[in-house]
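Enquirer: The residues making up each chain are set out below.
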Amino acid sequence: MPEIFINGQAIEAREDQTVLQVAREHGIFVPYFCWHPQLSVVGNCRMCLVEVEGRGLDIACNMPVNAGMKVFTESDEVKAHRKAILQFITLNHPVDCGICDKAGECMLQDYHYTYNGAASLSLDDKVRSTKYYNLSNRILLDNERCILCLRCTRFTHEVSKSMALGVERRGDVSNIRPVEDRPLGEDPYSDNIVDICPVGALQSRQFLHKARVWYLKPTPSVCPGCERGCTIQIWHRKPEWFLKSLDPRQNTSIARITPLENPAVNGPWICNKGRDLARIFERTRADQAMLKGRPVPVAEALDAARRLIGAARHPVALVSNWGSNEELEAFKRYLGEVFHTHVKRDWQPEEGERIEDDLLIRPDKNPNTAKARELFGEHEPAYHAGTDLVLVWGEGYDFARIPPQAKIILLNSYLAPENGHADVFLAVSIQTERAGHYTNFQGVVSAFEPCFPKGESVLDAEVLFKALAAPARGHP
Amino acid sequence: MTFPVTATSHSLAGYRARGGYVALEKALKQMKPQDVTKEVTASGLQGRGGAAFAVGRKWQVVVYDDGQPHYLIANADEGEPGTFKDRWILENNPHMLVESMLIASYALNVRNCFVYIRGEFDLPYRRLAGAVEEAYAAGYFGERILGTDFSCDIVVYRGAGAYVAGEASGLIASLEGKKSYPRNRPPRLTVRGLYQRPTVVNNVESLSNIAWIIAHGAAAYKEVGTPKSPGTRLFSVSGHVNRPGVYEVELGYPWMKFLDEDCGGIQGGREIKCVVPGGVSSKVLTGADIKDLALSHEALWDAGSTLGSGGMIVIAEGTCMVTLSQILMRFYHHESCGQCTPCRHGTGWMHRIMDRIVAGQGRPEDIERLYYIAKFNDGTTICGLGDAAGYAISGILDKFRDEFEYYIEHKRSRYDGNLECLRSS
Amino acid sequence: MKHLTPEFEKLRERFPEGFESSLVLPCVRRIQEERGYVADSDIEELAAYLGVPQIQIEEVLSFYTQFRRKPIGRWHLQFCRNVSCSMNGAERILAHVEKRLGVKPGQTTPDGRYTLSTAECLGSCGTAPMMMVNDGYHENLTCEKVDELLEGLK
Chain V
1 MPEIFINGQA IEAREDQTVL QVAREHGIFV PYFCWHPQLS VVGNCRMCLV
51 EVEGRGLDIA CNMPVNAGMK VFTESDEVKA HRKAILQFIT LNHPVDCGIC
101 DKAGECMLQD YHYTYNGAAS LSLDDKVRST KYYNLSNRIL LDNERCILCL
151 RCTRFTHEVS KSMALGVERR GDVSNIRPVE DRPLGEDPYS DNIVDICPVG
201 ALQSRQFLHK ARVWYLKPTP SVCPGCERGC TIQIWHRKPE WFLKSLDPRQ
251 NTSIARITPL ENPAVNGPWI CNKGRDLARI FERTRADQAM LKGRPVPVAE
301 ALDAARRLIG AARHPVALVS NWGSNEELEA FKRYLGEVFH THVKRDWQPE
351 EGERIEDDLL IRPDKNPNTA KARELFGEHE PAYHAGTDLV LVWGEGYDFA
401 RIPPQAKIIL LNSYLAPENG HADVFLAVSI QTERAGHYTN FQGVVSAFEP
451 CFPKGESVLD AEVLFKALAA PARGHP
Chain P
1 MTFPVTATSH SLAGYRARGG YVALEKALKQ MKPQDVTKEV TASGLQGRGG
51 AAFAVGRKWQ VVVYDDGQPH YLIANADEGE PGTFKDRWIL ENNPHMLVES
101 MLIASYALNV RNCFVYIRGE FDLPYRRLAG AVEEAYAAGY FGERILGTDF
151 SCDIVVYRGA GAYVAGEASG LIASLEGKKS YPRNRPPRLT VRGLYQRPTV
201 VNNVESLSNI AWIIAHGAAA YKEVGTPKSP GTRLFSVSGH VNRPGVYEVE
251 LGYPWMKFLD EDCGGIQGGR EIKCVVPGGV SSKVLTGADI KDLALSHEAL
301 WDAGSTLGSG GMIVIAEGTC MVTLSQILMR FYHHESCGQC TPCRHGTGWM
351 HRIMDRIVAG QGRPEDIERL YYIAKFNDGT TICGLGDAAG YAISGILDKF
401 RDEFEYYIEH KRSRYDGNLE CLRSS
Chain H
1 MKHLTPEFEK LRERFPEGFE SSLVLPCVRR IQEERGYVAD SDIEELAAYL
51 GVPQIQIEEV LSFYTQFRRK PIGRWHLQFC RNVSCSMNGA ERILAHVEKR
101 LGVKPGQTTP DGRYTLSTAE CLGSCGTAPM MMVNDGYHEN LTCEKVDELL
151 EGLK
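Heads up: the sequence lines are chains V, P and H, in that order. Residue numbering for the first sequence follows this note's numbering, starting at 1 and increasing by one per position. Residue numbering for the second sequence follows this note's numbering, starting at 1 and increasing by one per position. Residue numbering for the third sequence follows this note's numbering, starting at 1 and increasing by one per position.
None of these hints come from the bench; they were simulated from the model. All figures in this text were calculated on a predicted structure; none of them were measured in a lab. There could be a bad hint or two in this list.
Think about it this way: if two alpha-carbon atoms lie no more than 25 Å apart in a straight line, the pair counts; the simulated PhoX-like pairs of lysine-lysine are [as the list claims (entries may be wrong)]: (1) K228/P with K126/V; (2) K70/V with K375/P; (3) K126/V with K257/P; (4) K375/P with K79/V.
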């Protein structure tokens, strides 16, 4: 275990470490752009230059530790060099923070302030390049802002393996470009490059000019797109920055979704499906209880449901594998004895969707099959002539399979034609409206927290199941 | 290694007549691989590509039997402006390189060696390819060479137009079929180089000395030259001399004698203004600086410059150094690979400043800017191109700052701006 | 590119195993020799043949000055403009050629005969000024020599 010195502090390092890794582990911050813990070392930004006694300056990200070495990360030479590197980076950089989405979470901005970046010393025009390059239908590239750290190209070569990005030409006219038949659009992990871009060169079209990041807050959640259960951050407007708008949805919508780093599950990545969850969560909601399509107060619908349950001889339940651990356990506890319970697979892979790969994507496109199976086993529902009640919880079930004589209690979150045909319909909340946990296919349990309020007539399934188990009014 | 060239002197027969392939026989049959390396180290042979790194020291990093493939690459990318001596060897004495590479491959346990030759070289490539064919036909390549256990194959690999491919790690990237992006060290190339295997990259001229050293011995090699600069060097001389060309010079030879006598003096009988000693990446020295200097590594190091690639450009009195600098900055800008921040932006910046000065729009701050850019490209970049661009401009500024100040103030050159000595006033 | 495959197979055998990626530069050069430039379809085919990512070939084509993706004139005239050549009249001779052909560097004459370019140091400083005509070096140029040369290029 070689002992090295950083800024006079003696530190036990590991033989295979670089000085940058050692510094990070001990809370000593050395700035960098191109280094990333999950990508190969390229050492091209030169921002992590540190001074080594007797050796001068060199980059820390590629510097092996030597016993006894004395490293200085804040010497005058190092500081002067950081300022110079910032000068070079901003030489041709448009500095258009005013219209750049990255503002507020931009490494270049942060370093400029921290390391006293100065106004440009150049008397010459900046080198111009493409401002709005169509990298894919999801990502816009601004080559003027790009600092050629090559994080994005390395990602497509080393992580997503789509080999989609490269560098055309050389010198200060180099540009990041996609391979010519554009498989970046086919790379289901493409949007991760927007996260790892240290500047505003790569922008998500979904999020383009939607909001300044400092008006938003991230709420931890779990992606329900498949049984991997990657942890994510759902960004939405901070309450104190709500817009005064006639449309309440302005303040209760998902601004964007980014990964929540998780060494046990997804590392720092998610796939594009996880970015697009708004198209799942922001479908038109079912927001009132109904009896055969007639809107009724919740209490009346609850009562009707209880009576149906009380009267049923052979009730069958199809539970949702989008239910949280808490909801599924509640069903088991309160209604498990009453119903023959089967696990339904709410979502199937969509057309063109990648089924499986060895990075993150799993074939089961539901978040909590593991828990549901654990509680209820895995067998197809068995109907027979005596089946008189079917409780369907969640989406994706083919109602034609339900025996015609059976009554139907439907619990759903989204507007659907079946809602109106059910004998009793109750609207239930979605994961962005409550706290809970999912269990992924490896048994890892991850938590999600609420971002948005739920509608007045929308119930939490957990509460609902307990309510359904109570005897109906007027019945023992 | 030089001689009067004839129509056939580059052939195998011509080379054999000059004593060729005797050293190979000696090495393979009388010496162990480690003995060869020892001899090369003892000779003190220094690299001739520009860095003057001791060849033997580089070879010694390679562990002979570490169970993995080793590679040897002759760097024939010769792109340093002012340099054309490797070309001479390839056109006129290619077998000397071939034999030397065989001996070096034997010493380093190399089964596959390469010559990386710049793509623009046509005749040198054909001569070299011809020599390789002859060597194969004569049994000097392939399995069990000269009846020994030593087997070796060679590939002549053509570049495609990039000065940065002359940098050893950029060369390797190019030889791997990619864009020529140099690599950070560590690891050294002798530890992980071509396809991550131990690789020795040596300049063509450096390698070509090996055959002579093995044939005649390290002691004989050291008898020529100076203690700190043994042997002879090929100098490419160009610019404003009357007899430009490739000269083989014993190190330690007096510089002025070389220019006045061997190179025929300066065009138009002019005085020497300055000399770029070893390719444009070496710092310029004035006529006064070089008056009593010898052509040796130590003499130039002491004078604040370097023999570099041996590409000597002689500049006559009356030549505008500002206009010359513009050409140099344009060159580095064009050739920067663009990987690392200081060089990618710095070379472009310096070029634009020089364009502006030459166009009569220079500003007093420009000189300090140029020094600033040079300073922060010194030792901060992935490869030496950034540093070299800085040395080129700061070297000229150190000696000729007044010319720049004049140009900026008067919006024109102190001279007529015409770089042609014979046609300028 | 298909008809070059036997040649490429032979070339592959000269390299050690696992060196497929190295074949990019020589194969591209050969394709360009045949066609005069490298076509989009060549890139796809070569990538598939060598088993390298297509982006690698695209990068190589745009990085190196000798590779081109568009056809040029029959005779490619490249003038070195670096220091020793400039010090011996390169600019003057280039200006002469520009005037005579009516094109600037980067352009091709309307009849498709000549494409004019400038180049950085070509390793011919001792015989400056010089130019390349397609693959060949023409050195120690004078305006007269250049005129004679151009006459001979049909």
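Enquirer: Hint by hint, say whether it matches the structure.
Expert: Hints and how they fare:
Annotation: proposed proximity of K228/P to K126/V is violated, straight-line Cα distance about 47 Å (limit 25 Å). For the given pair, K70/V sits about 24 Å from K375/P by alpha-carbon distance, which is consistent with the 25 Å threshold. Taken as a hint, the K126/V and K257/P pair is broken in the structure, with Cα atoms around 48 Å apart against an allowance of 25 Å. This hinted pair checks out: K375/P and K79/V have alpha carbons roughly 14 Å apart, not beyond 25 Å.
Hint compliance for this structure: hints 1 and 3 are broken, all remaining hints hold.
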